[in-house]
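*Asks:* Chains as they are written, first to last, in the numbering used here: chain R, 1 to 284; chain W, 1 to 284.
In case anyone wonders, no lab produced these hints; they're calculated from the structure.
Some clues are possibly wrong.
Pairs count within a copy or across copies, as identical chains cannot be separated in the list.
[To be verified] Calculated pairs, DSSO-like style, for lysine-lysine (alpha carbon to alpha carbon, straight line, at most 30 Å): (1) K50 with K170; (2) K170 with K222; (3) K154 with K251; (4) K251 with K170; (5) K154 with K164; (6) K2 with K154.
Protein chains: 2
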Amino acid sequence: MKVTVARPTGLCFGVRRAISELENALENVGKIYGLGSPIHNPQEIERLEKLGLVVVKDPADIPPGQPAFIRAHGVSPEVRASLLRRTDRIVDGTCPFVRNVQEKAALLRQEGYRLVIVGDASHPEVQGIMGYAGEGARVVGNASEISPDARNGKIGLVCQTTQKVSLLEKVVRGLLTHTEELRVFNTICGATLERQQAVMDLAPRVDGMIVIGGKNSANTGKLVEISREAGVSTLWIEHYEELDGGWVREKENIGIAAGASTPEWLIRQLISTLESARSPRGMD
Amino acid sequence: MKVTVARPTGLCFGVRRAISELENALENVGKIYGLGSPIHNPQEIERLEKLGLVVVKDPADIPPGQPAFIRAHGVSPEVRASLLRRTDRIVDGTCPFVRNVQEKAALLRQEGYRLVIVGDASHPEVQGIMGYAGEGARVVGNASEISPDARNGKIGLVCQTTQKVSLLEKVVRGLLTHTEELRVFNTICGATLERQQAVMDLAPRVDGMIVIGGKNSANTGKLVEISREAGVSTLWIEHYEELDGGWVREKENIGIAAGASTPEWLIRQLISTLESARSPRGMD
Numbered sequence: 001m002k003v004t005v006a007r008p009t010g011l012c013f014g015v016r017r018a019i020s021e022l023e024n025a026l027e028n029v030g031k032i033y034g035l036g037s038p039i040h041n042p043q044e045i046e047r048l049e050k051l052g053l054v055v056v057k058d059p060a061d062i063p064p065g066q067p068a069f070i071r072a073h074g075v076s077p078e079v080r081a082s083l084l085r086r087t088d089r090i091v092d093g094t095c096p097f098v099r100n101v102q103e104k105a106a107l108l109r110q111e112g113y114r115l116v117i118v119g120d121a122s123h124p125e126v127q128g129i130m131g132y133a134g135e136g137a138r139v140v141g142n143a144s145e146i147s148p149d150a151r152n153g154k155i156g157l158v159c160q161t162t163q164k165v166s167l168l169e170k171v172v173r174g175l176l177t178h179t180e181e182l183r184v185f186n187t188i189c190g191a192t193l194e195r196q197q198a199v200m201d202l203a204p205r206v207d208g209m210i211v212i213g214g215k216n217s218a219n220t221g222k223l224v225e226i227s228r229e230a231g232v233s234t235l236w237i238e239h240y241e242e243l244d245g246g247w248v249r250e251k252e253n254i255g256i257a258a259g260a261s262t263p264e265w266l267i268r269q270l271i272s273t274l275e276s277a278r279s280p281r282g283m284d
Numbered sequence: 001m002k003v004t005v006a007r008p009t010g011l012c013f014g015v016r017r018a019i020s021e022l023e024n025a026l027e028n029v030g031k032i033y034g035l036g037s038p039i040h041n042p043q044e045i046e047r048l049e050k051l052g053l054v055v056v057k058d059p060a061d062i063p064p065g066q067p068a069f070i071r072a073h074g075v076s077p078e079v080r081a082s083l084l085r086r087t088d089r090i091v092d093g094t095c096p097f098v099r100n101v102q103e104k105a106a107l108l109r110q111e112g113y114r115l116v117i118v119g120d121a122s123h124p125e126v127q128g129i130m131g132y133a134g135e136g137a138r139v140v141g142n143a144s145e146i147s148p149d150a151r152n153g154k155i156g157l158v159c160q161t162t163q164k165v166s167l168l169e170k171v172v173r174g175l176l177t178h179t180e181e182l183r184v185f186n187t188i189c190g191a192t193l194e195r196q197q198a199v200m201d202l203a204p205r206v207d208g209m210i211v212i213g214g215k216n217s218a219n220t221g222k223l224v225e226i227s228r229e230a231g232v233s234t235l236w237i238e239h240y241e242e243l244d245g246g247w248v249r250e251k252e253n254i255g256i257a258a259g260a261s262t263p264e265w266l267i268r269q270l271i272s273t274l275e276s277a278r279s280p281r282g283m284d
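Next up, chain R with everything else stripped away, as it sits in the complex (with noise of 0.2 Å):
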């Protein structure tokens, strides 16, 4: 049996990044107070939580002067002063690409530009770069949410940095016949994207695809439908312990593809265990 990882798969960057620098400050303070959630994997949360996170909703339950970690999805200028007023132990795991995004909602603002933001309103990450776009500043998720008057004058674009290409050539259509003048920042990261055709990639190659990661993770969800529509008998799992032993034995070459919020160390985990059932005995 052959076991191969999609490449890329697993955590973007910026969020390997984040938790990288959160571990690295744990083993420096021993407790820090994370504002919301660093990473939507319970596993990783609850080890995270053995080396000293506490997570936190909101910078008021952070006792003064503790010290305080931005998750990758960054926050608005004004939680950032709130968080400020409590403590000056700032680790700011801000991704650069949202943060990024952030310094072109402010960049826009001042030269004079109505922003629309193309993303998810009710992201953590739209809802902090809101906080750069200024007043008049809308979401817009859907092309058919762009309104009569949100098209006039003089407009500038960003994106939520997972969002689809679909949706920002379609909203930047409907804004392009009544706008004098549009000025577009793709912000998109491409990270989500290059995870599915990594996913599409391996598929053909392989008589079996596990996919590791959160079963209400959407983007996980979305590796194992495309590799299905790929015709390849897919598992989900969101650890090892619930592989099929039976169904391991059958394959030949097993591909791993893991969702954008499934750690390293799961992955790994899972490897080693297929790698042990290559043995007679192994997964009985």
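Got chain R; can you put chain W on it based on the hints?
*Replies:* Structure of chain W alone, referenced to chain R:
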């Protein structure tokens, strides 16, 4: 018989304005050298030549110090400089909408954008704009003309004023996914589209349509096509003398539309002729 003229139809604001400035100047000075044909209509050129217009192809053909006329299409800064070396008596008929495109191109160039001009590279308006667009600028008349190396970096986009929105949309779409920043000035002026829409709106209300305009005029041909597609019996003439009396007498409601280079007086002649046809002995 009732006669209804499509609204708007015929000359657009910019050409009408340029011809009117030329007429005023001819009245004052008697003779003007026009750089390029100010309007693509032989009857109108003949009329203007009688008033003192001399059409030349090159600034070098203008006798030093003699008055010169810039048509609605505008000219590049280089051509303007050549003109100024010949004479300081320039009547500038550049359409204000075209002037706006030139200014936007110059602004984008100054702010470090690589220019893309959506339009027809052989059109005088586009050749003029190119002069403001700087090195590395390119004209795109077809979305398939976007080469991969044209898509990187910071791109500024303007359009020939008479282009179709659908081409602008296609070019923007082709650039969007690969461009960090795309700043679009939608400089399409809408005059062409409004005139086409006016024929669509009028067609269901008439039982015959007369389209007056040059047989070599693409935009006039388009109006004829739209009218015929609407199922209306349609005559394409260059001059009222080509009217078919039998065709006219059969109609109860006649619509009139004119190409973008058909002067007002040719339309008025046509209307007078149709009105005289109402009398029993008209048009025999």
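*Asks:* Now tell me if each hint is right for this structure.
*Replies:* Each hint tested on the structure:
no.: 1; hint: K50 with K170; in the structure: neither (45 Å within a copy, 53 Å between copies)
no.: 2; hint: K170 with K222; in the structure: both (21 Å within a copy, 29 Å between copies)
no.: 3; hint: K154 with K251; in the structure: neither (57 Å within a copy, 49 Å between copies)
no.: 4; hint: K251 with K170; in the structure: neither (42 Å within a copy, 46 Å between copies)
no.: 5; hint: K154 with K164; in the structure: both (24 Å within a copy, 21 Å between copies)
no.: 6; hint: K2 with K154; in the structure: neither (56 Å within a copy, 45 Å between copies)
Of the numbered hints stated above, those contradicted by the structure are hints 1, 3, 4, 6, listed in ascending order.
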